[in-house]
Amino acid sequence: MGTLLQYNLIKYECSCGKWRMLPDLFYCRHCFKIKCDDCSCKEVDAIFCPRCLEPSSAPEARMKKHRCMNCNDCAKCGNVLSARTENEKCYLVCQHCRWSSRDAKQEDRENIKSWPSKENPLTSQLNEVTAYMKRLEVMENAPKDLKKGKSSKTWSAIHLKDKFNVQQMVEKRRKALVPDVNPVEAHAPTDPPTLEDELNDRSDVLRTLDQIIMQPLTNSSEPLLPVKVSLIGRVLVRCDECERTLVKRDFGVVTYKFKISSFAREFVPDIRMSRPVEDLKAGVTTPVFLSVTNLSSSSLDITIIPQAEEGFIQCSSEPIKLILPSSRSADSAAPGVHAEQSEVIVFRQHNRIGLRLDVIPSEANLESPVLDLLINYKQDGSFSLLATSEKVLNPEESGVDRILTARLRINLR
Amino acid sequence: MTDNSGVSIASSTIVCVEAEIKGEVTIKEGCVVHPHVVFDATNGPIYVGENNIFEEFAVIKNNSDGQPMIIGDSNIFQVHSKCSAKYVGSRNVIGVHAVLEDGCSVSDDCSVAPKSRIYSRQNLEPSVAVYGTSNAHRTTTTPNLTPTLQLEFLRKILPSYHHLYGKKKATPNQ
Chain A
703 MGTLLQYNLI KYECSCGKWR MLPDLFYCRH CFKIKCDDCS CKEVDAIFCP
753 RCLEPSSAPE ARMKKHRCMN CNDCAKCGNV LSARTENEKC YLVCQHCRWS
803 SRDAKQEDRE NIKSWPSKEN PLTSQLNEVT AYMKRLEVME NAPKDLKKGK
853 SSKTWSAIHL KDKFNVQQMV EKRRKALVPD VNPVEAHAPT DPPTLEDELN
903 DRSDVLRTLD QIIMQPLTNS SEPLLPVKVS LIGRVLVRCD ECERTLVKRD
953 FGVVTYKFKI SSFAREFVPD IRMSRPVEDL KAGVTTPVFL SVTNLSSSSL
1003 DITIIPQAEE GFIQCSSEPI KLILPSSRSA DSAAPGVHAE QSEVIVFRQH
1053 NRIGLRLDVI PSEANLESPV LDLLINYKQD GSFSLLATSE KVLNPEESGV
1103 DRILTARLRI NLR
Chain B
428 MTDNSGVSIA SSTIVCVEAE IKGEVTIKEG CVVHPHVVFD ATNGPIYVGE
478 NNIFEEFAVI KNNSDGQPMI IGDSNIFQVH SKCSAKYVGS RNVIGVHAVL
528 EDGCSVSDDC SVAPKSRIYS RQNLEPSVAV YGTSNAHRTT TTPNLTPTLQ
578 LEFLRKILPS YHHLYGKKKA TPNQ
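Taken in order, these protein sequences are the chains called A and B.
Quick note: the first sequence uses the numbering used here, first residue 703, plus one each step.
Quick note: the second sequence uses the numbering used here, first residue 428, plus one each step.
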């Protein structure tokens, strides 16, 4: 969609200084700033299987190793495996390359769920070592916790003076309660397999890198197994400064609606090329046709100022001042265009306006012709979403509409 | 559909009237031909066996000079597939947008994945699957199923919503 509407030619400046396409940007209406992917916080909102859309909670997903139990992919070509029933038992077949679970030397099963996957053979050993490390951590941190006075709140017999001669008994009990610290034995080093060994017990033809990456634990001597589909996460986007939510999807995996959405398109004037640019020649004035659209909920008071910096195309047009009604307002005719500027306006639709800017490219910037524009715009009343407490605290600020700016660069190629 | 002198279609075969059949085409018992399938036998005859399914926009075209094109039994030619092979065996699946180029031949139980291509003069051995963007080949042990249920369903449902070739004379296209 972005390439179809030629959004890729027009880059807006994010508040962090990066240049991005407008559909990729968010807008924080509390900080009045444009936010991009890199300067916003993201958190995983829901985890689900992309194939069967079954949602799972975070601990559940960790238990399942972030894989779906019901959906499988082909180990050969990565396409969907579908179940085929034969004699009341089923097996999985790839409709694309005809790889099946029978090729994986798996017997047919009665249900399509829980096909086996290769597990790490050292799992129990690994768990032992991590448990040992955790015990050590507890013991090392115990004196620190005591010093901090964390455990002083709970009454303990250790802190008593030996008035009644029970200290001995307490000591004995304490010793019994101290966790075992039998160190785990380091396992003997094993010889790494040589290339010859690997080539000798190769069961089938060479595997592609994609097939190996899909199941890294499977040795080359073992047959490939059906690959369980990995779960995906849906994110919730926050502003990194005020931590308010910018994008939040509706509850439920199946819906595509938004609970909160504050994309930059809905707040910043959307500028696009309305016609392809003719061939640029050095020193010749060439028209550039742009369309400005107001997708916000209130009318915009816009001033477009062409910038004439080093390295950018010179624009001979004067700054343009106009008022664009919102897409929701009923009246289509908008006032506020000066008569002498009317030759720059090509067309005027409901909430869209077509502009003509004249550019004079020089020899130096023919290689990469980029037009630099600065937009000052004012929205009336759209920021009444500010908290009521702030309105009470700064009444003079909340009443006045702020002048906001956006910078964009248009690639005239 | 102007010249249908060489067309011979068995009685139990269902051919929709929107299908375009040119030249000498023989279709045996039990086949199903969907609308907008093209059989072009102007350069040479086409012989089709039993119980084949030709889905919408499949193009079966004989490009050889007088050599017959032979198609066996229980094949499925899926939507938008193009076939100008000289021989297609039995129980094959030709996927969506798959292309069998001039003069290639496909034996039995093969599966040509969507968008893949069999080049001319290529001969597929039995039970070969062709897949992926690089047209990888591999021999399979999984057989293609014969589409009995699908055929039965289509034979029942297609005549109730389409005019059939050769049966109704007053058709909107003619």
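Hint data in this document are derived by calculation from the structure and do not stem from the laboratory.
Keep in mind that this is a model prediction, so the values were computed, not measured.
Be aware that a few hints might be false.
[Stated by the list, open to error] Computed list of chain B residues with no C-beta within reach of chain A, every gap over 12 Å:
hint : residue
1    : N470
2    : V486
3    : D536
[Said to hold, decoys possible] Take a look, some chain B residues computed to stay more than 10 Å from chain A by CB distance:
hint : residue
4    : S432
5    : G433
6    : V434
7    : E482
8    : F484
9    : V506
10   : H507
11   : E528
12   : S534
13   : P553
14   : T567
15   : T569
16   : L572
17   : Q577
[As the list claims (entries may be wrong)] Just a few of them, taken from the derived set where beta-carbon distance is under 7 Å, the chain B residues facing chain A:
hint : residue
18   : P462
19   : S511
20   : A540
All C-beta atoms in this analysis are idealised placements derived from N, C-alpha and C, irrespective of residue type, glycine included.
Consistency of the hints with the structure:
The claim that N470 of chain B lies off the interface holds: its Cβ sits roughly 33 Å from the closest Cβ of chain A, which is beyond the 12 Å cut-off. A cut-off of 12 Å between C-beta atoms confirms that V486 of chain B is not in contact with chain A; the least separation is 22 Å. With a least beta-carbon separation of about 9 Å from chain A, D536 of chain B fails to lie farther than 12 Å from that chain, contradicting its non-interface assignment. Interface exclusion of S432 of chain B from chain A stands, the closest Cβ pair being 40 Å apart, more than 10 Å.
The Cβ of G433 of chain B lies farther than 10 Å from every Cβ of chain A, with a closest approach of about 36 Å, so its non-interface assignment holds. At the 10 Å boundary, the C-beta of V434 of chain B stays outside the reach of chain A, the nearest C-beta of that chain being 33 Å off. The beta carbon of E482 of chain B sits about 15 Å from the closest Cβ of chain A, which is more than 10 Å, so the claim that it is off the interface holds. No Cβ of chain A comes within 10 Å of the Cβ of F484 of chain B; the nearest lies about 20 Å off, and the non-interface call holds.
At roughly 14 Å, the least C-beta separation between V506 of chain B and chain A is larger than 10 Å, which holds for a residue marked as non-interface. With a least beta-carbon separation of about 17 Å from chain A, H507 of chain B lies farther than 10 Å from that chain, consistent with its non-interface assignment. The beta carbon of E528 of chain B sits about 20 Å from the closest Cβ of chain A, which is more than 10 Å, so the claim that it is off the interface holds. In this structure S534 of chain B is separated from chain A by more than 10 Å, as the shortest Cβ-Cβ distance comes to about 15 Å.
The non-interface label for P553 of chain B is consistent with chain A: the shortest C-beta to C-beta separation is roughly 12 Å, beyond 10 Å. With a least beta-carbon separation of about 4 Å from chain A, T567 of chain B fails to lie farther than 10 Å from that chain, contradicting its non-interface assignment. Consistency note on T569 of chain B: stated as away from chain A, yet its beta-carbon is not over 10 Å from all of that chain's, at 4 Å minimum. Distance check on L572 of chain B: its Cβ comes as close as 7 Å (rounded) to a Cβ of chain A, failing to clear the 10 Å threshold; non-interface status is violated.
The beta carbon of Q577 of chain B sits about 14 Å from the closest Cβ of chain A, which is more than 10 Å, so the claim that it is off the interface holds. This hint is violated: P462 of chain B has a C-beta 24 Å from the nearest C-beta of chain A, more than the 7 Å allowed. A least Cβ separation of about 23 Å between S511 of chain B and chain A goes past the 7 Å threshold, and the interface hint is therefore violated. Taken as an interface hint, A540 of chain B checks out: its beta carbon lies about 5 Å from the nearest beta carbon of chain A, inside 7 Å.
Hint check: violations occur at hints 3, 14, 15, 16, 18, 19; the rest are consistent with the structure.
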